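A.B. asks: Line order of the protein sequences matches chains E, D and A.
For the first sequence, my numbering assigns the number 1 to the initial residue and increments by one for each residue that follows.
For the second sequence, my numbering assigns the number 1 to the initial residue and increments by one for each residue that follows.
For the third sequence, my numbering assigns the number 1 to the initial residue and increments by one for each residue that follows.
Do not rely on the hints blindly, as some may be mistaken.
Stated by the list, open to error - 30 Å max Cα-Cα, derived DSS-like pairs, lysine-lysine:
{"no.": "1", "chain 1": "E", "residue 1": "658", "chain 2": "E", "residue 2": "575"}
{"no.": "2", "chain 1": "E", "residue 1": "398", "chain 2": "E", "residue 2": "568"}
{"no.": "3", "chain 1": "D", "residue 1": "95", "chain 2": "A", "residue 2": "90"}
{"no.": "4", "chain 1": "E", "residue 1": "658", "chain 2": "D", "residue 2": "95"}
{"no.": "5", "chain 1": "E", "residue 1": "607", "chain 2": "E", "residue 2": "482"}
{"no.": "6", "chain 1": "E", "residue 1": "607", "chain 2": "D", "residue 2": "95"}
{"no.": "7", "chain 1": "E", "residue 1": "11", "chain 2": "A", "residue 2": "136"}
{"no.": "8", "chain 1": "E", "residue 1": "397", "chain 2": "E", "residue 2": "607"}
{"no.": "9", "chain 1": "E", "residue 1": "445", "chain 2": "E", "residue 2": "575"}
{"no.": "10", "chain 1": "D", "residue 1": "103", "chain 2": "A", "residue 2": "136"}
{"no.": "11", "chain 1": "E", "residue 1": "607", "chain 2": "E", "residue 2": "480"}
{"no.": "12", "chain 1": "E", "residue 1": "568", "chain 2": "E", "residue 2": "397"}
No lab work stands behind these hints, which were simulated from the structure alone.
Source: prediction; values computed, not measured.
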Amino acid sequence: MNALTDPEIIKGSLWLIPCLPLAGAVINGLLGKRLPERLVHFVGCANVFLAFLISVAGFFTLVGIDEPQQRFLIQSLYQWILTVWHQGSFSLEVAFRLDPLSMALCLVVSGVGFLIHLYSVGYMAGDESQSRYFAYLNLFTFSMLLLILADNLLLMFVGWEGVGLCSYLLIGFWFTDLEKAQAGMKAFIVNRVGDFGFFVGLMLLFWTLFEGSNGTMTGLGFQQLRDGIPLLGTANPILGVGVATWVALLFFVGATGKSAQIPLYIWLPDAMAGPTPVSAFIHAATMVTAGVYMIVRLNFLYVAAPAAMAVVAVVGGLTAFYAATIALTQNDIKRVLAYSTISQLGYMFLAVGVAAFSTGIFHLVTHAFFKALLFLGAGSVIHAVHSNDMLEMGGLKKYMPHTYVTFMAAYLAISGIPPLSGFVSKDEILWATFNSHLPVAGLGKALWALGLLTAGLTAFYMTRLIALTFMGSFRGGSEKEKHLHESPAVMTLPLMALAVLSVVGGVIGLPAVTHLPNLLHDFLGPVLSSHGASGHQAHAYWLELLLMLISIGVATTGIYLGWLFYVKRPELPGKVAARFARIYQVLEQKYYVDEIYQALFLRPLLKLVALSGHFDLNTIDGAVNLSSRVTAKFAFLIGWEDLKIVDGAVNGLAEIFKRWGAAIRHLQTGRVQHYLYSVVLGIFGLCVFMFLF
Amino acid sequence: MPYSLPSFLVVSSLLFCLGMYTVLTRRNAIGVLMGIELVLNGAGLNFVAFSRFLEPSQTASLLSGQVFTLFIIAIAAAEVAVALAIVLSLYSRMKTIDVEEFKQLQG
Amino acid sequence: MKDIIFNVFILLTVIPCFWVALSSNIVHAAFSLLITLFGVAGLYVLLGADFIGVVQVIVYIGGILILIIFGVMMTQRGKLLPLSIQLPGKVFGAVLTGVILVALILTATRSLWPVAAVLEEPQPTSAAIGDLLLGKYLIPFEVASVLLLAALVGAVLIVRRSVRGE
């Protein structure tokens with residue numbers, strides 16, 4: 001056996017995969033300002049490249065193991081948490097797990113990550129805080145690899161939070177611009193909502209498993225969880241719904257936050273405020289797919305909760321369609337791509353929702369290729385035009401030939417033109433959806449139709465993007481036109497690499513009609529539940545071929561319409577928009593969801609804050625009369641609510657919190673000794689407790 | 001008092017509680033610091049007393065207690081250096097070291 | 001004889017300790033603290049911890065206490081402020097600490113400690129402590145050294161900034 005593919009060596013060096021980027025982040029973060037620019041670039045890119053090399057070695061090692069069930073390597077670094085109680089013990093280790101699933105993601109993250117790091121060297125050239133940028137980007141790579149390689153849920157959660165933090169840091173990278181800083185905060189806060197769901201799910205899972213196992217569960221490792229899942233079935237249902245379903249749904253809430261699904265998708269379009277390579281890396285290729293990865297990782301849990309699976313599939317399908325409709329009307333090139341990402345993520349959730357886990361990962365991989373390419377191409381365009389607005393572009397084909405050609409490859413892939421990668425994976429999702437066995441009859445077929453429609457919309461809006469950007473003549477003014485230029489080689493080389501991957505990426509998951517092995521599916525097989533087989537079981541040869549032809553037909557129709565609207569007869573879009581003005585308006589304003597959230601959640605909160613602030617002015621007598629006033633107010637409120645129930649409930653709650661806050665803030669005297677008193681009081685209480693009981 | 005473990009523990013409890021009382025009741029920041037020193041000494045005395053009197057075990061050296069006291073002394077040194085620096089800096093800014101005056105953290 | 005020395009050191013430790021807590025003169029309190037620390041050093045020696053005793057004398061009395069006395073001297077310009085808080089606060093603190101003291105003493109005297117049946121003769125500890133510090137506790141030792149360095153640099157920085165800021 002080749003020395004490089006000796007399992008022991010890879011097992012011993014698994015920790016290097018995440019920790020090399022961490023080292024890069026530390027070096028660039030602490031010393032970057034003093035290092036020469038070239039060294040910053042070198043450190044930033046080299047560590048990701050090394051991590052990629054180790055991943056490749058790991059891949060060959062895994063493939064080298066003959067028995068597919070044995071294809072996993074676990075490296076345990078140290079014991080993180082150890083608790084012993086009367087029923088047994090519970091321990092968590094910082095352990096990394098390399099199995100086919102984490103392998104696939106690892107290759108994508110480190111490989112695409114390296115290309116994007118390389119691209120960033122060109123894109124960020126001249127920026128003053130490049131070292132900070134590369135430190136953040138490396139830190140993100142570290143967190144993402146940690147999330148992927150973690151062997152237990154809690155360690156995964158660490159990575160999960162880490163990528164959220166890095167995403168926030170990078171979206172708000174140019175924090176002197178208030179709008180961009182706010183976009184970062186929005187992403188962070190919306191993600192927190194999802195993370196809350198994830199964490200509650202984690203607690204519920206932990207609690208149920210350890211309550212019910214009588215000490216046989218000793219940790220949260222994925223293998224242990226897989227063995228422990230049947231215990232969930234024996235637990236008492238909560239509100240008539242099984243615990244497994246609850247846990248699966250709560251984890252899915254986390255996934256909707258991280259992967260920008262309905263209803264928590266709103267942060268992703270704003271996240272485009274960050275540098276474009278960041279959008280490509282974090283908000284297209286890797287972080288936003290963490291939710292999909294998590295669900296596939298916990299596939300045994302989801303298989304045990306069919307109702308939750310159906311919810312996942314429906315949310316995925318709806319998001320795919322919904323985001324595609326918004327993408328039709330946006331004029332900001334990055335926003336179009338952002339909504340497209342949301343839509344494609346919807347496809348992935350649709351796939352995992354119908355138990356086609358390997359297909360979901362397949363689309364994740366191909367999407368990482370072509371969407372990263374699209375973003376990087378858009379970045380190249382923005383780099384040249386210095387604007388995000390597609391109405392100020394046009395005719396770039398002749399100025400930026402390399403970007404154009406690579407962009408076309410990605411465009412054809414996402415639009416679903418065979419045999420490019422996007423077509424293969426998207427079609428497999430549609431086929432799996434068509435064949436699915438969801439609890440509601442006909443739901444599978446309906447979702448299939450929705451997915452098909454979305455495929456048409458995708459082709460249409462991508463054609464619109466291409467037409468507005470590269471076709472026709474330049475609309476940004478002659479002054480700008482003089483400065484148009486192709487991007488430097490350090491930017492176009494990654495584009496070409498990704499273009500090649502987008503074109504040929506489909507070979508890893510060929511559909512059943514070709515009678516060739518579906519490599520990815522076979523590779524992932526051992527990790528997935530037996531239930532989670534994709535469309536390969538049913539060999540309805542002709543049906544599959546027919547559906548494939550239909551989806552090709554829809555895609556070409558979409559492209560044709562796009563071409564007709566934006567190249568052949570450019571006056572048509574205006575007419576259509578005028579004819580359906582109201583619909584157009586709704587789409588352009590993104591269904592007013594931001595406004596609705598603003599009115600529902602943000603305004604009351606801000607009002608509360610303002611009220612509390614106002615209350616700061618008159619605090620002195622507030623404390624004294626407090627209890628009586630709260631009571632009086634409450635009584636008054638009860639009478640008042642009869643009149644205006646809706647308003648009253650909201651304001652009343654705010655009022656109560658306001659009063660509570662006023663009472664509690666007096667505990668904050670600002671004197672250190674008083675805080676110390678509370679500590680001593682605690683010890684005092686403990687002593688009393690000890691001697692009384 | 002006899003030369004035994006409980007006597008030492010009582011002495012260290014006295015040091016600890018008097019130190020705590022000092023910290024709680026002093027208005028002078030340096031007085032508070034002195035109280036902290038007493039508390040730390042009480043803890044250190046406890047460690048050494050246990051290292052002297054406990055049953056020796058196979059797994060761990062009893063001298064560990066003394067090593068911990070060493071660490072406590074080191075930390076006390078660091079703490080006093082920083083705390084006095086803060087006190088002096090506050091004094092030069094606010095012309096007082098009365099801890100009751102330092103209440104900018106008030107909510 | 002040993003018991004007498006032992007009790008002398010206990011008194012040497014505890015009595016000034018009350019003075020530290022109750023005295024209304026900060027300078028008296030500081031010097032009482034000196035005696036207390038000295039008493040504790042004596043108790044260390046009686047416990048067979050010769051090394052710790054010496055360190056206590058050198059670091060605490062030679063370093064920390066001198067720093068504190070410097071601090072007292074440098075901040076006593078201007079009006080003398082009352083050393084302690086008012087009476088109600090004192091009573092409250094006394095009750096709290098009193099109860100905790102009772103609890104601690106009860107724990108100390110009533111518990112069954114796993115005490116060695118026969119006390120070994122104290123051995124010189126320096127060599128063994130050195131072994132532990134550079135062996136089992138190497139990392140905490142190094143961390144403590146970094147902490148000390150950071151504290152010293154930080155202390156200088158804090159004071160310098162405030163002086164410069166004027």
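A.B. asks: Indicate, hint by hint, whether the structure satisfies it.
C.D. replies: Evaluated hints:
{"no.": "1", "hint": "658/E x 575/E", "result": "violated (53 Å)"}
{"no.": "2", "hint": "398/E x 568/E", "result": "holds (19 Å)"}
{"no.": "3", "hint": "95/D x 90/A", "result": "holds (25 Å)"}
{"no.": "4", "hint": "658/E x 95/D", "result": "violated (37 Å)"}
{"no.": "5", "hint": "607/E x 482/E", "result": "violated (51 Å)"}
{"no.": "6", "hint": "607/E x 95/D", "result": "violated (41 Å)"}
{"no.": "7", "hint": "11/E x 136/A", "result": "holds (28 Å)"}
{"no.": "8", "hint": "397/E x 607/E", "result": "violated (51 Å)"}
{"no.": "9", "hint": "445/E x 575/E", "result": "violated (34 Å)"}
{"no.": "10", "hint": "103/D x 136/A", "result": "violated (44 Å)"}
{"no.": "11", "hint": "607/E x 480/E", "result": "violated (45 Å)"}
{"no.": "12", "hint": "568/E x 397/E", "result": "holds (17 Å)"}
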